[in-house]
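Each chain is listed here by its residues.
There are 2 protein chains.
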Amino acid sequence: MAEFPFHILARDGAARSGQIVTPRGDIATPAFMPVGTAATVKALYLDQVRAAGADIILGNTYHLMLRPTAERIHRLGGLHRFMGWAHPILTDSGGYQVFSLSDLRKVKEDGVEFRSHLDGSKHALTPERSIEIQADLLGADISMQLDECVANPCEKSLASEAVQRSARWGERSKAAFGAREAQALFGIVQGSTYPDLRRESSARVVETGFDGYAVGGLAVGEGHTAMCDTLELTTPLLPEGRPRYLMGVGKPIDLVEAIARGVDMFDCVLPTRSGRHGQAWTWDGPINLKNAKFVEDDSPLDPASDCPASRDYSKAYLNHLFRAGEYLGAMLLSWHNIAFFEALMTEARKTIGQGRFELWRRDLVTRWSSSD
Amino acid sequence: MAEFPFHILARDGAARSGQIVTPRGDIATPAFMPVGTAATVKALYLDQVRAAGADIILGNTYHLMLRPTAERIHRLGGLHRFMGWAHPILTDSGGYQVFSLSDLRKVKEDGVEFRSHLDGSKHALTPERSIEIQADLLGADISMQLDECVANPCEKSLASEAVQRSARWGERSKAAFGAREAQALFGIVQGSTYPDLRRESSARVVETGFDGYAVGGLAVGEGHTAMCDTLELTTPLLPEGRPRYLMGVGKPIDLVEAIARGVDMFDCVLPTRSGRHGQAWTWDGPINLKNAKFVEDDSPLDPASDCPASRDYSKAYLNHLFRAGEYLGAMLLSWHNIAFFEALMTEARKTIGQGRFELWRRDLVTRWSSSD
Chain A
3 MAEFPFHILA RDGAARSGQI VTPRGDIATP AFMPVGTAAT VKALYLDQVR AAGADIILGN
63 TYHLMLRPTA ERIHRLGGLH RFMGWAHPIL TDSGGYQVFS LSDLRKVKED GVEFRSHLDG
123 SKHALTPERS IEIQADLLGA DISMQLDECV ANPCEKSLAS EAVQRSARWG ERSKAAFGAR
183 EAQALFGIVQ GSTYPDLRRE SSARVVETGF DGYAVGGLAV GEGHTAMCDT LELTTPLLPE
243 GRPRYLMGVG KPIDLVEAIA RGVDMFDCVL PTRSGRHGQA WTWDGPINLK NAKFVEDDSP
303 LDPASDCPAS RDYSKAYLNH LFRAGEYLGA MLLSWHNIAF FEALMTEARK TIGQGRFELW
363 RRDLVTRWSS SD
Chain B
3 MAEFPFHILA RDGAARSGQI VTPRGDIATP AFMPVGTAAT VKALYLDQVR AAGADIILGN
63 TYHLMLRPTA ERIHRLGGLH RFMGWAHPIL TDSGGYQVFS LSDLRKVKED GVEFRSHLDG
123 SKHALTPERS IEIQADLLGA DISMQLDECV ANPCEKSLAS EAVQRSARWG ERSKAAFGAR
183 EAQALFGIVQ GSTYPDLRRE SSARVVETGF DGYAVGGLAV GEGHTAMCDT LELTTPLLPE
243 GRPRYLMGVG KPIDLVEAIA RGVDMFDCVL PTRSGRHGQA WTWDGPINLK NAKFVEDDSP
303 LDPASDCPAS RDYSKAYLNH LFRAGEYLGA MLLSWHNIAF FEALMTEARK TIGQGRFELW
363 RRDLVTRWSS SD
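Protein chains in written order, with this note's numbering: chain A, 3 to 374; chain B, 3 to 374.
Hints listed in this document are in silico derivations from the structure and should not be mistaken for laboratory results. Only a predicted model underlies this, so the values are computations on that prediction, with no experimental measurement involved. The reader is advised that the hints may include incorrect statements.
[Stated by the list, open to error] For lysine-lysine, the following BS3-like pairs were computed, each having C-alpha atoms within a straight-line distance of at most 27 Å:
1) B:K108 <-> B:K176
2) B:K124 <-> A:K292
3) B:K124 <-> A:K295
Taking the hints into account, I'd like the entire structure generated from these sequences.
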């Protein structure tokens, strides 16, 4: 495997700030990866995503394999060229969306069969096919092993079976991935909220050995405390010298608490999805721009921000755009939210470097707990 | 009135290229005004609109008076500040949308009563109220007189009544507008497709005297030939030294033919509306990006364009975005189309300046007639 160098530049408690070196550019960590589901970060131009501070974005294997298909993207030069993003891309394995979006899925040892949520057509994902799609056809810089995702809550026996199967799929993913110069492969820890299963899953994944380690199966309804507890248990079991990635998380408060527990990478649709629905994330907590109290509020979301969406438009104007159902409302708030999530990462890296992360974290958590 | 200076810089046949000088900046003519219906040019950032070459945009009085209301925009500093556009804005009188969108309208000599298409609430527009909204509350650089718009086809007696009433409303609009240093008022010629009514309406409007003269009541279904004939009759009746504005038009071929007949300004929702529906306007005619023939077409819409939307994205990618229902599809094609309409104006100005407009026009008309 590529073993992209990962330099830890500073630590503060369990939190660390660092740099993942990849052939397509460095990734400053903690890193938030905007989600480009269908080869686009919804309602944003990629130069806005880049300028907001994103070093890496995420693509969804499930969506892309169904439309426009991985083969088509490959014939068009790969995902980077297709969507016009020259920096690193991480793709998920497709597993999570198969379990959350598709119909009539059947999990077998070989892989998972499912029907497309778009047109009902039949498809299959095996560990080998997922790697082929991610690494060979889409050309992801970081691929993820296929894993079995369980619902929350989940009976322990089912969660345990999923841990075993995910471990076997991890080994097959690694074998299929083989040796690559310029691409990396991450393994995934499962185990629901059962401490012994998380321990077992971590051990299996580390034993297999990957370029980075993800924690999956969180942010599925277990709640903030259970998430924090699971992370606190899991991250110390993962290799210190490799990046740790918390999948699908989350709210700013979740990100800050996860960084405090040693997580380096995140992805979530929250900034763009909530942006499309009128919600802005700010240093003072979330606000809904559709709210009547903003109809004549002439202040911008954040006058101190470098992001034009945060700085150059009044809340009154944003309120109007959402009431009128205008594209620009979704465009501006998605942009603002991505810029906020990236600014949160920048601040986290800075405060870790200055040894004041814990103070910064506590201040934010206090502020956000009272505002939420 | 302001009498914004209008310098005619070159002529080629009846076509002219020029410059309208306004306190908020010069407008190169022939000019295409992107339509910012609800205080936003749909799916575009205004810096994209500006960079595409627009010197002036249009705002819709009807939409803005209903939501967020003209009074609210006024309290928020006027339309330029509200939407973040420092350059000239022309507003329509609201009349056209009252006649095309609202319910239960009642035309009286004083003005028109109608119900909002949004919530059924009752409103009224008189010539005086329209001027108050446009010039005082929104702060338009160019306001339009209130006129009575008729359907197409229209019985001659009704069209004649509308001409008379529009002329009286024009006088009242002018009186209400009064003397202003930094704002201009345009009158409107009506008369459906009846030559004698167009002549009469032109005479009345010129007699009243405005800063510029619009031709209304076209592009309402009369067809390209009737539109050209009406223009050919009307523009020579309007003062040579003042800008002529063809309202709500139109397709590129209509613009080129209207320029050939001495029109200086245009507005139309076509580039943004068709952009949202997958249609791109190009030098080779319109194409629909949803078409299956583009699924693996790796070429951009126009590699020679300065506009990133035209140059940096493949048709295959645009096809994918429209099939996936992604915001970015509408964003990119609206941008491309506005850039194309503005490039068309730039080329018209250039060819008029070089005395080869007629050749250019004929070439385009031939090309577009066979492609349409």
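Hint-by-hint comparison with the structure:
Between B:K108 and B:K176 the CA atoms are separated by roughly 23 Å; this keeps the pair inside 27 Å, and the hint holds. In summary, the hint linking B:K124 to A:K292 is supported, as the alpha carbons are separated by about 24 Å, within the 27 Å threshold. This hinted pair checks out: B:K124 and A:K295 have alpha carbons roughly 25 Å apart, not beyond 27 Å.
The structure agrees with every numbered hint stated previously.
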